[in-house]
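Participant: Sequence:
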Amino acid sequence: TIWGGHVQFTTPMLFAISFVSMFIIGGLSGIFMAATPVDIFIHDTYFIVAHFHYVLFAGTAMAVFGAIYFWYPKMFGRMMNEPLGKLHFFLTFIFLNGTFFTMHVLGAVGFPRRLADPYHYETFRHLLPMNRFMTWCAIAMVLSQVIFAFNFIYSMFFGKAVGRNPWNANGLEWMAPSPPGHGNFDFQPVVYRGPYEYGSPETDKDYYPQTEPPPEEPAKPAVT
Numbered sequence: 021t022i023w024g025g026h027v028q029f030t031t032p033m034l035f036a037i038s039f040v041s042m043f044i045i046g047g048l049s050g051i052f053m054a055a056t057p058v059d060i061f062i063h064d065t066y067f068i069v070a071h072f073h074y075v076l077f078a079g080t081a082m083a084v085f086g087a088i089y090f091w092y093p094k095m096f097g098r099m100m101n102e103p104l105g106k107l108h109f110f111l112t113f114i115f116l117n118g119t120f121f122t123m124h125v126l127g128a129v130g131f132p133r134r135l136a137d138p139y140h141y142e143t144f145r146h147l148l149p150m151n152r153f154m155t156w157c158a159i160a161m162v163l164s165q166v167i168f169a170f171n172f173i174y175s176m177f178f179g180k181a182v183g184r185n186p187w188n189a190n191g192l193e194w195m196a197p198s199p200p201g202h203g204n205f206d207f208q209p210v211v212y213r214g215p216y217e218y219g220s221p222e223t224d225k226d227y228y229p230q231t232e233p234p235p236e237e238p239a240k241p242a243v244t
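Residues are numbered in my numbering as their position in the sequence shown, beginning at 1, plus a constant of 20.
Computed beta-carbon distance windows for the label pairs:
#, residue 1, residue 2, range
1, Tyr141, Pro57, 21 to 29 Å
2, Val84, Ile159, 19 to 27 Å
3, Thr231, Phe121, 41 to 49 Å
4, His202, Ala181, 15 to 23 Å
5, Leu148, Gly219, 48 to 56 Å
6, Val40, Thr231, 24 to 32 Å
7, Met53, Leu148, 20 to 28 Å
8, Leu148, Pro215, 49 to 57 Å
9, Pro200, Ser220, 20 to 28 Å
10, Phe29, Thr143, 39 to 47 Å
11, Pro199, Asp64, 42 to 50 Å
Everything labelled a hint here was simulated from the structure, so no lab data went into it.
Fair warning: this is a prediction, and the values are worked out from it, not measured in the lab.
Ideal Cβ positions, reconstructed from N, Cα and C, are used throughout, including at glycine.
Using the sequences plus the hints, can you model the full thing?
Facilitator: As structure tokens, then:
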């Protein structure tokens, strides 16, 4: 769908694509741990820490951020600032990978986890610059979330006011007011199709809302 689709690289889409890529990196690195000849060498190293954080932190965090940016206008009736959202994404993406991908490299050369001071052993002292790099990336990644917090609060009051369907989505929930009132809908919706009718030949638009009635077919001539 992504390869052949008309992709719009909005902030939620960037986070969604990032979630897929981060989860794949974490999943593929887990394959090595299932192979005993390899796991003997990487067990209890930073490689395990990197795999764990790519799957449970990188993947989850990117998905959560993408969902917040996507559902924000439906919750509050205002858009989050797009330039700030993209700045938040790129800084988070860069520093996240700077932190955890470096762990894969350290783990591959046997750098151990769960030691109070691995540099007590002279064998690992030449790896200190990489650990410093990871530390600065982790600090920068955390500080990048200040942009998100500011954007979240600022947009509540000063974000661009939007209507029901700012993303041109097909789902039924986007036919409700933003934010929805009691009972969600202010009209009785009638569903004509499924929620994934994008690029339908029945319309010139990229999207085709579930509540939009189909075009009337021309009357067929009577058969004599």
